[in-house]
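Produce the complete structure using the sequences and hints provided.
Keeping their order, the protein sequence lines are chains A and B.
So that you can map any letter, position 241 of the first sequence is 241 in the working numbering, and since no number is skipped, the others follow by simple counting.
So that you can map any letter, position 258 of the second sequence is 617 in the working numbering, and since no number is skipped, the others follow by simple counting.
Since the hints were derived computationally from the structure, they do not count as laboratory data.
Heads up, the beta-carbon is just placed ideally off N, CA and C, and yes, glycines get one too.
Please note that the accuracy of each hint is not assured.
[As the list claims (entries may be wrong)] Pairs of lysine-lysine residues, derived as BS3-like cross-links and limited to a Cα-Cα distance of at most 25 Å, are as follows:
| # | chain 1 | residue 1 | chain 2 | residue 2 |
| --- | --- | --- | --- | --- |
| 1 | A | 269 | B | 664 |
| 2 | A | 282 | B | 450 |
| 3 | A | 269 | B | 476 |
| 4 | B | 476 | A | 185 |
| 5 | B | 400 | B | 446 |
| 6 | A | 176 | B | 626 |
| 7 | A | 176 | B | 539 |
| 8 | A | 269 | B | 639 |
| 9 | B | 715 | B | 450 |
| 10 | A | 242 | B | 476 |
| 11 | B | 639 | B | 566 |
| 12 | B | 626 | A | 119 |
| 13 | A | 282 | B | 476 |
| 14 | B | 626 | A | 307 |
| 15 | A | 119 | A | 131 |
[Unchecked claim] Computed from the model, here is a short list of chain B residues facing chain A with C-beta under 8 Å:
| # | residue |
| --- | --- |
| 16 | 465 |
| 17 | 614 |
| 18 | 633 |
| 19 | 640 |
| 20 | 657 |
| 21 | 684 |
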Amino acid sequence: MAKSPEEEHPQKVFGWAARDSSGSLSLFHFSRRENADGDVTIKVLYCGVCHSDLHSVKNDWGFTNYPIVPGHEIVGVVTKTGKSVTKFKEGDRVGVGVMVGSCNTCETCQQDLENYCPKVIFTYNSLNHDKTKTYGGYSDMIVVDHRFVLRFPDNLPPDSGAPLLCAGITVYSPMKYYGMTEPGKHLGVAGLGGLGHIAVKIGKAFGLKVTVISTSPAKEDEAINRLGADSFVVSTDPAQLKAAMGTMDYIIDTVSAVHALAPLIGLLKLNGKLVTVGLPNKPLELPIFPLVLGRKLVGGSDVGGIKETQEMLDFCAKHNITSEIELIKMDYINTAMERLAKSDVRYRFVIDVGNSLSQ
Amino acid sequence: MSNEQEHPRKAFGWAARDSSGVLSPFSFSRRESGEKDVTFKVLYCGICHSDLHMVKNEWGFSTYPLVPGHEIVGEVTEVGSNVQKFKVGDKVGVGCIVGACRSCDSCTDHLENYCPKQILTYSAKYYDGTTTYGGYSDIMVADEHFVLRIPDNLPLDCAAPLLCAGITTYSPLRYFGLDKPGMHVGVVGLGGLGHVAVKFAKAMGVKVTVISTSPNKEEEAVKHLGADSFLVSRDQDQMQAAIGTMDGIIDTVSAQHPLLPLIGLLKSHGKLVMVGAPEKPLELPVFPLLMGRKMVAGSGIGGMKETQEMINFAAKHNITADIEVIPIDYLNTAMERLAKADVRYRFVIDIGNTLKARS
Numbered sequence: 001m002a003k004s005p006e007e008e009h010p011q012k013v014f015g016w017a018a019r020d021s022s023g024s025l026s027l028f029h030f031s032r033r034e035n036a037d038g039d040v041t042i043k044v045l046y047c048g049v050c051h052s053d054l055h056s057v058k059n060d061w062g063f064t065n066y067p068i069v070p071g072h073e074i075v076g077v078v079t080k081t082g083k084s085v086t087k088f089k090e091g092d093r094v095g096v097g098v099m100v101g102s103c104n105t106c107e108t109c110q111q112d113l114e115n116y117c118p119k120v121i122f123t124y125n126s127l128n129h130d131k132t133k134t135y136g137g138y139s140d141m142i143v144v145d146h147r148f149v150l151r152f153p154d155n156l157p158p159d160s161g162a163p164l165l166c167a168g169i170t171v172y173s174p175m176k177y178y179g180m181t182e183p184g185k186h187l188g189v190a191g192l193g194g195l196g197h198i199a200v201k202i203g204k205a206f207g208l209k210v211t212v213i214s215t216s217p218a219k220e221d222e223a224i225n226r227l228g229a230d231s232f233v234v235s236t237d238p239a240q241l242k243a244a245m246g247t248m249d250y251i252i253d254t255v256s257a258v259h260a261l262a263p264l265i266g267l268l269k270l271n272g273k274l275v276t277v278g279l280p281n282k283p284l285e286l287p288i289f290p291l292v293l294g295r296k297l298v299g300g301s302d303v304g305g306i307k308e309t310q311e312m313l314d315f316c317a318k319h320n321i322t323s324e325i326e327l328i329k330m331d332y333i334n335t336a337m338e339r340l341a342k343s344d345v346r347y348r349f350v351i352d353v354g355n356s357l358s359q
Numbered sequence: 360m361s362n363e364q365e366h367p368r369k370a371f372g373w374a375a376r377d378s379s380g381v382l383s384p385f386s387f388s389r390r391e392s393g394e395k396d397v398t399f400k401v402l403y404c405g406i407c408h409s410d411l412h413m414v415k416n417e418w419g420f421s422t423y424p425l426v427p428g429h430e431i432v433g434e435v436t437e438v439g440s441n442v443q444k445f446k447v448g449d450k451v452g453v454g455c456i457v458g459a460c461r462s463c464d465s466c467t468d469h470l471e472n473y474c475p476k477q478i479l480t481y482s483a484k485y486y487d488g489t490t491t492y493g494g495y496s497d498i499m500v501a502d503e504h505f506v507l508r509i510p511d512n513l514p515l516d517c518a519a520p521l522l523c524a525g526i527t528t529y530s531p532l533r534y535f536g537l538d539k540p541g542m543h544v545g546v547v548g549l550g551g552l553g554h555v556a557v558k559f560a561k562a563m564g565v566k567v568t569v570i571s572t573s574p575n576k577e578e579e580a581v582k583h584l585g586a587d588s589f590l591v592s593r594d595q596d597q598m599q600a601a602i603g604t605m606d607g608i609i610d611t612v613s614a615q616h617p618l619l620p621l622i623g624l625l626k627s628h629g630k631l632v633m634v635g636a637p638e639k640p641l642e643l644p645v646f647p648l649l650m651g652r653k654m655v656a657g658s659g660i661g662g663m664k665e666t667q668e669m670i671n672f673a674a675k676h677n678i679t680a681d682i683e684v685i686p687i688d689y690l691n692t693a694m695e696r697l698a699k700a701d702v703r704y705r706f707v708i709d710i711g712n713t714l715k716a717r718s
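This is the structure we're talking about:
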């Protein structure tokens, strides 16, 4: 008979979980493995609320395995390290992002692209090597293979730095891979939410001209005056779209709702690249003619490997890039999820796990 | 002014008069050789599927009467006073464009095919405001910049299709880096473009798999064209077995078709390049694009420098199209057969021997 979540492993832990696709979260007692030789045990201080957490608790993508403890933007402090761990010691401030394991041997893993390993183990809603479920950062502590733990830079605040662990790497990685780092070039950022606002900051740090593309005119003031964007295009305004046609070298599309690609493709210059990092739950319509006539491309990108995630954290520390957050208590999470569903957050909720998660 | 009187030189060809697409003899005129112009007697002209789309106005911008043909080869009869590259008697060709602005970034980068002011070989407006007429005609006059040299060892009739089909498939193999020995590239659709793509890719040292809806093309693909393997796209088992095996795919199909199975065939970081242009948008499944960091791009013909490079490459590797030579009188039947993909793999009109002006 399968063991209950509380009995599965030797260390008792607790967190908040969703039990069904209503997505409603509540206190959940479970357990985690002992700290093995290669493991690091982390007391969780803060955990960002990623839109993927919302998609997952509601089973929007159809593969949620309940009960689910979300959370993959985790910042905490090391409380224990295994015998073979040299990179971390007790008291270190660390982060854990979207994955906690991979096969470690395939070509993809050898190239520091663990996120694309066919056997990648996600921080939650995945299966460990021992086939037990992984549970995420909406919990008091987590045990992670040292190879998937990030060193969290001292000068990055742990609360507003937490979202970098998913949102940050999600936009940083494609910007590097697709060559969106040449100073003076023009980057469009579609969608000004958790991902989008960080893309603006990182884009500016690369020396790019940045235009925010959004359906909400109300976000213009923030985009320009607070986040540093150079300009703003309301994507539902045909005149604004027309004026911006063929002006952008690249676009990062962070929008996770189903939306039209044609206007975005039109904004690209010749050889322009549209990279989609949001995950709509249905296919999008892709017009082919404009791709052929302008040798344009639409690519995807999914977080980044551990090495690159560390590089991103160090880059953000150097440029003082953090997320704009609303710090919440654990028991606010269901309200936060409702507000997130309506994009009512500037721009990431972060749970003060260390101070507000209790049994 | 009538078509016959517009210019000083009498010319003769076949034109479509309306969107029925039916072609018939047509007397018109061409300009005298300007100082940079090359005049040549047309010997052969390939029938591109675009010719069929255009005579029927399927893309909505045809101007009638319309003389198609942009895979034109012949022999120089006259050169303008300032022509540097060609002399009388040279074997030459003209492809899809006969003009461009010559000063924008695209033109300066030898990408005249992406110049916003490019002038198509037929059904477009030349610098002097007159309509351009294509190669289903007895003579051509073109600016030397847009004329290609055909090396002596390439037979003219089966070299003609290289001028569109050849460059259309050669250019993306180079630009998207799908030309490295040992790579595995898929070619979707075994028609005019597809069969030439197979030959080019093989000459570049690439392993080639043809992906087709027609099982009966397998023998040709493998034994005659040199493809390494063949996948029937409607066969789930075959497609499943090939998942994640291709570095890139050149998709030549211009009908509506699903992208999801093709994206599945790509390895991580793989590239699906569309060179066929379906009229309506296709469905783009976003999850697989992200999970494998894959991309869908478009590509359209190539610039003049690259077109010459492609012809020289073809000459070096003895690459020509597989053709069915037809007399001009067969033209309408050929168009009907082309609409049903009933040709192996390009019709080429024997202009030199069969197009005679009616008195």
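Checked hints:
1. A:269 x B:664: Roughly 22 Å between the alpha carbons, so the hint for residue 269 of chain A and residue 664 of chain B holds.
2. A:282 x B:450: violated, 53 Å
3. A:269 x B:476: holds, 15 Å
4. B:476 x A:185: holds, 24 Å
5. B:400 x B:446: Given pair residue 400 of chain B, residue 446 of chain B holds - Cα atoms ~13 Å apart, limit 25 Å.
6. A:176 x B:626: holds, 20 Å
7. A:176 x B:539: holds, 23 Å
8. A:269 x B:639: holds, 22 Å
9. B:715 x B:450: holds, 21 Å
10. A:242 x B:476: Holds, at roughly 19 Å.
11. B:639 x B:566: Violated, at about 31 Å.
12. B:626 x A:119: It holds: about 15 Å lies between the C-alpha atoms, which stays within 25 Å.
13. A:282 x B:476: violated, 37 Å
14. B:626 x A:307: holds, 22 Å
15. A:119 x A:131: holds, 12 Å
16. 465: Residue 465 of chain B check passes; min Cβ-Cβ to chain A is 6 Å, inside 8 Å.
17. 614: For residue 614 of chain B, the interface hint is violated, since the closest Cβ of chain A sits about 11 Å away, which is over 8 Å.
18. 633: holds, 5 Å
19. 640: Interface hint status for residue 640 of chain B: holds (4 Å vs cutoff 8 Å).
20. 657: holds, 3 Å
21. 684: violated, 29 Å
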